[in-house]
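Number of protein chains: 4
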Amino acid sequence: MMNFKSDNIVGVHPKIMAAILQANSGTEGSYGNDSYSLALKEKFCEIFETEVAIYLTSTGTAANSLALSALVPPYGGIYCHEHAHINTDEAGAPELFTGGAKLISVPGENGKLDVDYIRNHIEAANSLRPHISKPACISISQATEYGTIYQPDELKEIAELAKFYNLNLHMDGARFANSLVTLGVSPATWKSGVDAMSFGATKNGAMAAEAIIFFNPQDAIEFDYYHKRGGQMMSKMRFFACQLLAYLEDDLWLQNATHANSMAVALREIFAKHNIEIAYPVEANEVFVRLSPKISEYLYKNGGGFYEWGTPGCGLYRFVTSCFTDQKDLQLLDNCIKQCNVI
Amino acid sequence: MMNFKSDNIVGVHPKIMAAILQANSGTEGSYGNDSYSLALKEKFCEIFETEVAIYLTSTGTAANSLALSALVPPYGGIYCHEHAHINTDEAGAPELFTGGAKLISVPGENGKLDVDYIRNHIEAANSLRPHISKPACISISQATEYGTIYQPDELKEIAELAKFYNLNLHMDGARFANSLVTLGVSPATWKSGVDAMSFGATKNGAMAAEAIIFFNPQDAIEFDYYHKRGGQMMSKMRFFACQLLAYLEDDLWLQNATHANSMAVALREIFAKHNIEIAYPVEANEVFVRLSPKISEYLYKNGGGFYEWGTPGCGLYRFVTSCFTDQKDLQLLDNCIKQCNVI
Amino acid sequence: MMNFKSDNIVGVHPKIMAAILQANSGTEGSYGNDSYSLALKEKFCEIFETEVAIYLTSTGTAANSLALSALVPPYGGIYCHEHAHINTDEAGAPELFTGGAKLISVPGENGKLDVDYIRNHIEAANSLRPHISKPACISISQATEYGTIYQPDELKEIAELAKFYNLNLHMDGARFANSLVTLGVSPATWKSGVDAMSFGATKNGAMAAEAIIFFNPQDAIEFDYYHKRGGQMMSKMRFFACQLLAYLEDDLWLQNATHANSMAVALREIFAKHNIEIAYPVEANEVFVRLSPKISEYLYKNGGGFYEWGTPGCGLYRFVTSCFTDQKDLQLLDNCIKQCNVI
Amino acid sequence: MMNFKSDNIVGVHPKIMAAILQANSGTEGSYGNDSYSLALKEKFCEIFETEVAIYLTSTGTAANSLALSALVPPYGGIYCHEHAHINTDEAGAPELFTGGAKLISVPGENGKLDVDYIRNHIEAANSLRPHISKPACISISQATEYGTIYQPDELKEIAELAKFYNLNLHMDGARFANSLVTLGVSPATWKSGVDAMSFGATKNGAMAAEAIIFFNPQDAIEFDYYHKRGGQMMSKMRFFACQLLAYLEDDLWLQNATHANSMAVALREIFAKHNIEIAYPVEANEVFVRLSPKISEYLYKNGGGFYEWGTPGCGLYRFVTSCFTDQKDLQLLDNCIKQCNVI
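Chains A, B, C and D, in that order, give the protein sequences. Here the numbering used here is used: the first residue of the first sequence is 2, the next is one more, and so on. Here the numbering used here is used: the first residue of the second sequence is 2, the next is one more, and so on. Here the numbering used here is used: the first residue of the third sequence is 2, the next is one more, and so on. Here the numbering used here is used: the first residue of the fourth sequence is 2, the next is one more, and so on.
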């Protein structure tokens, strides 16, 4: 395999698959009224060091969109990075699930929000009320779409801004584990001011299991309605809950992320060795590089799996590692670049 | 087990679980670009005897709502039985996904649509255009919410009505297999005029796998957008496609349904033996009965799992069988009623 | 004129037109920040004997739909009569503006809600939460679509039900003035438990002016956003506010309604005299009768303007009077029926 | 008056008011089935030199949002300038009426779209289908939010791009007349490739009357449903149609616009005389200037009506002229700046 297209092209971690098998016994309450969901709720409260409300979804798009739908009114504005997944890769799902809330594209270096831009926009919006969508939420991705990570002080600055203007703070945590192991901090992002997060597991070893976590359960008192109405209340929910239980058990999630991140660092070293430009700091499990047409074409031709990113033809390429990436994958890529350079 | 609450409280059929395990090997394209999805598409074309377009979802609610969203404009009206699942059990999901289309409650005996009522409503709506939602779709459930089945001539009458007025015809097939084995007909409902269906597998042995089938692929040329935007384009789609492949392989779906239906007939016999009124013809895997408070309370107290149906206190109760229901379950229920009758 | 099609086929009352002319002078703040809107707000507070929040719209459909959008969550259920205007004559506007809330058709005699039906539905919905849309609002029409009127004790019963289950109570007052003059009560419906109403003026002499009235201004603290986003924040709002000011001035609204109602009673007497069946009590400005094909055709042929109501061919017909209807109109109709009866 | 806040703070042109008065006679069909609407339809066909479908609204926000709702699917993307009215001043109305379509902010000088940016985005979106909203429409404002005007060749370039990629082209013509008199071209924008436009009259002398014009009536065959459902089908439509009839009669609209534009030019000269920076070319009836805090505060204090534009504190200010602006207004402003400069 020399496939760095995404962390969702791989399969399921054996421990998670084992948990699915084990859950297949006897009857259980449906729609989340099962013993696995109950245990998972407790596990999440423990990990996040507070009482949380949790709801599972089968996709990250659903997790993000449903979470946002509970955090903003339909006339609300959601500040997100111009390259945020919710803004560019979910085909308008946030607009659908929120009933038409407005995503406001925010610029910012390295995939991180420009806080001043948001502040100015909020001020303008409030002064022109109600002609501009009501500033209602800031959504950040941790890690970002560019594989970078908000440092604690950066997160704090955004959280303070949100709090000052009475906005909710949402975190898209599709690659949350990858950011945690880099930062070496507690998962309890609510302490920094996050109100709700999309907690991803699929990209880090699960089959299909994402969780929406509300750190203030009061925000979620009617979320069961959103969940059901959003088509995400799976009837045999135990098979989704058990995935996350296994994912959290014995820090499997952190181990997987640690591995994926280290593979990304190794990948970066390979590119650097070949004098290929690294476009963004490598802080999680993604590496963005600028490839010459010669190299990109050679890699494609020789079975390399990866995507061009952004405007077609711009020369920026994304490589993603996962908990399954191994030294052999890296070796293959290294060799391929070498061969290309000698021809 | 004496649990007849639903066909979704049970686990996954061993053959389907084996298929999931087997799919967990190597990399595959994400979002449906995998070999399992490809094979499934071919299998469905074969079973339905025509070229179809298929999209998978993790819930039946999503399958129904997304299918409808492609069949009606947001200003459209959808005729459905007043007790249809889309009308009473999906928390407004069809309204969300269709962008606010209107579900029009249609009365009718045994859970089946009153065709004259629909015809009159369409005539009135068209004559008062545009003040009434545009008649756009008829949605039927096969089997119905009351475990009854549209006979071929009944289906034909509805299809002709739909065709005459240029409406689409949608079938909620959450228990489609159960209806097929009773009728002994081909699955090719498009020959009767069905335009799209929600093809359920979860209630009949799968883990979480439903398919939206478009019999006229032209209706689905942009459905990939609906699918993604609806939060249902699972990234590791292979694990959903493989469930349906195993489900269809060697007629497992029909065998499972045959078993569940036979258990329902046996259940009906037990109730009849005890002079308990059967509320609707038992044609699939559901039995509706009228229980006295004495019996219902006794059954509940002794571990019986089942739901009261409709208005609380009305005395109507639903019992559902599944591919896992066995003679012992029936025996336990029989004994329990006997004991109740002697005290 | 022998045109009883509706109370919206006539023009504008001279006093209201004069007010529009008079408002056309100098500059005024736009979007409701004008002196007329300010004065109107005060006038409404006086008439309703409490602090209210008001927002104007150009149609009754917008007034109803926007009001409801602030009273129910998108996953909410709205109980309304099966023949309510919001359910049958607004082409799905409530579904659009509420983001997909569900209108639940309630049966009931004479166009009035069956309270027991609603109670049972709420009980069932709450017990099956979240599978059924959350019971969120009851909407009544005063006068009803059939020209009947809720008596104070009937309104009280509904309001108590709403309060008991924590639902909002909305009143569609497209013909509110007509109901008031019949009942001879204060307009302060909030004392009976109404939370918000659509206050109609267009059908009773205005050009295009409806008001959404919130009796608990707390419900409307962000309604400016709904108003703007709903496309109803007219820039030159003074020309809408001045209509309502003139409408309320010197009880013009009540005088207009008194006249229209008295014409309806006279109309009823004409029908009764000719032994034509009156279908519903005549309590406002509408008369519903059952006409033989012979009479209905003769009337149509001789220039009679009126509509068949409900199912095409059912023989039920609606006649509406307005503040402009006069004795000559009635005389023409009387003569026409006489002529028909002798041929 | 020294009020340049907007062209909607003034009243109604006397000829339009006279038309309203004149329309107030006898009965007319409701909801657009009146003689005025019929005549207006013909007048528009004549002016636009082709068969058009027209629908009236009471606000420009409704006109834009409803027009777009017929031009894009709910999963569609709408390219518009980052400062377009639909993107920044309509509180999310386009998102509401389109069922959640995505507005994509496009940069560009002088309020005009950067065509290359759009082309690149479309290419990326199509290559990543269906993860990015489907490119469905380009919306331009003529004149733009900054009072500039697309020249024929600029419009042609955008239209060709739209056509090449099969997108619809919408024009927000809130100040369409102002652009026409500057360009001196025919109103028949469809010849340049515009599919539908919002035709504004309120800012140019009407009371409340905007028209949605479809140049390809096929696009509008079910628009009556959108119109009604959007709460914009005014019952006494004649009073809106007659405004537009008077507006178009004897080129009143062009005369009004010619006057407003000339006042803007005169305003620009005053600012230039005082060495105040003009921010954008003055091509319609808006002048944007950069004012020092001293001048802006002095003007505010002395009764000047105008708005700061964009980020609060940025120093950019907008002045708008209308068909009612006269030399005295300009003189007052000129004097005020003079006085400020000497203190």
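Calculated directly from the structure, the hints in this document are not laboratory data. All figures in this text were calculated on a predicted structure; none of them were measured in a lab. Careful: at least some of the hints might be erroneous.
Because identical chains share one entry, a pair is satisfied inside a single copy or across any pair of copies.
[Unchecked claim] Capping the alpha-carbon separation at 30 Å, the derived lysine-lysine pairs in DSS-like fashion look like this:
hint	residue 1	residue 2
1	K157	K192
2	K157	K295
3	K44	K6
4	K42	K302
5	K329	K16
6	K302	K329
7	K302	K16
8	K6	K42
9	K274	K339
10	K295	K274
11	K164	K329
12	K329	K44
13	K339	K6
14	K339	K329
15	K164	K6
16	K192	K164
First find the shortest C-alpha distance between K157 and K295 inside one copy, then the shortest across copies, and answer within, between, both or neither for a cut-off of 30 Å.
Result: close neither inside a copy nor across copies, 43 Å intra and 37 Å inter.
With identical chains, the pair K157 and K192 could be close in the same copy or across copies; at 30 Å between alpha carbons, which is it: within, between, both, or neither?
within (10 Å within a copy, 48 Å between copies)
Alpha-carbon proximity context of K192 and K164, limit 30 Å
within (13 Å within a copy, 39 Å between copies)
Evaluate K164 and K329 at a C-alpha cut-off of 30 Å and name the case that applies: within, between, both or neither.
neither (47 Å within a copy, 48 Å between copies)
If the cutoff is 30 Å on CA atoms, where do K295 and K274 land: within, between, both or neither? Let me know, please.
Result: close within a single copy only, 17 Å intra versus 59 Å inter.
Between the shortest in-copy and the shortest cross-copy C-alpha distance, which are at most 30 Å for K329 and K16: within, between, both, or neither?
within (23 Å within a copy, 34 Å between copies)
At 30 Å max between alpha carbons, let me know whether K339 reaches K6 within a copy, between copies, both or neither.
For K339 and K6, the Cα distance is within 30 Å only inside one copy (20 Å; across copies 63 Å).
Alpha-carbon proximity between K302 and K16, which holds within one copy, between copies, both or neither at 30 Å
Answer is neither; intra-copy 35 Å and inter-copy 39 Å both fail.
For K6 vs K42, is the C-alpha pair at or below 30 Å within one copy, between two copies, both, or neither?
between (33 Å within a copy, 24 Å between copies)
Is it within a copy, between copies, both, or neither that the alpha carbon of K329 lies no farther than 30 Å from that of K44?
neither (36 Å within a copy, 36 Å between copies)
K164 and K6: within-copy, between-copy, both or neither at 30 Å Cα
neither (37 Å within a copy, 33 Å between copies)
Give the relationship of K302 and K329 under a CA distance limit of 30 Å: within one copy only, between copies only, both, or neither.
within (19 Å within a copy, 61 Å between copies)
Hints 2, 7, 11, 12, 15, counting from the list given before, are not met by this structure.
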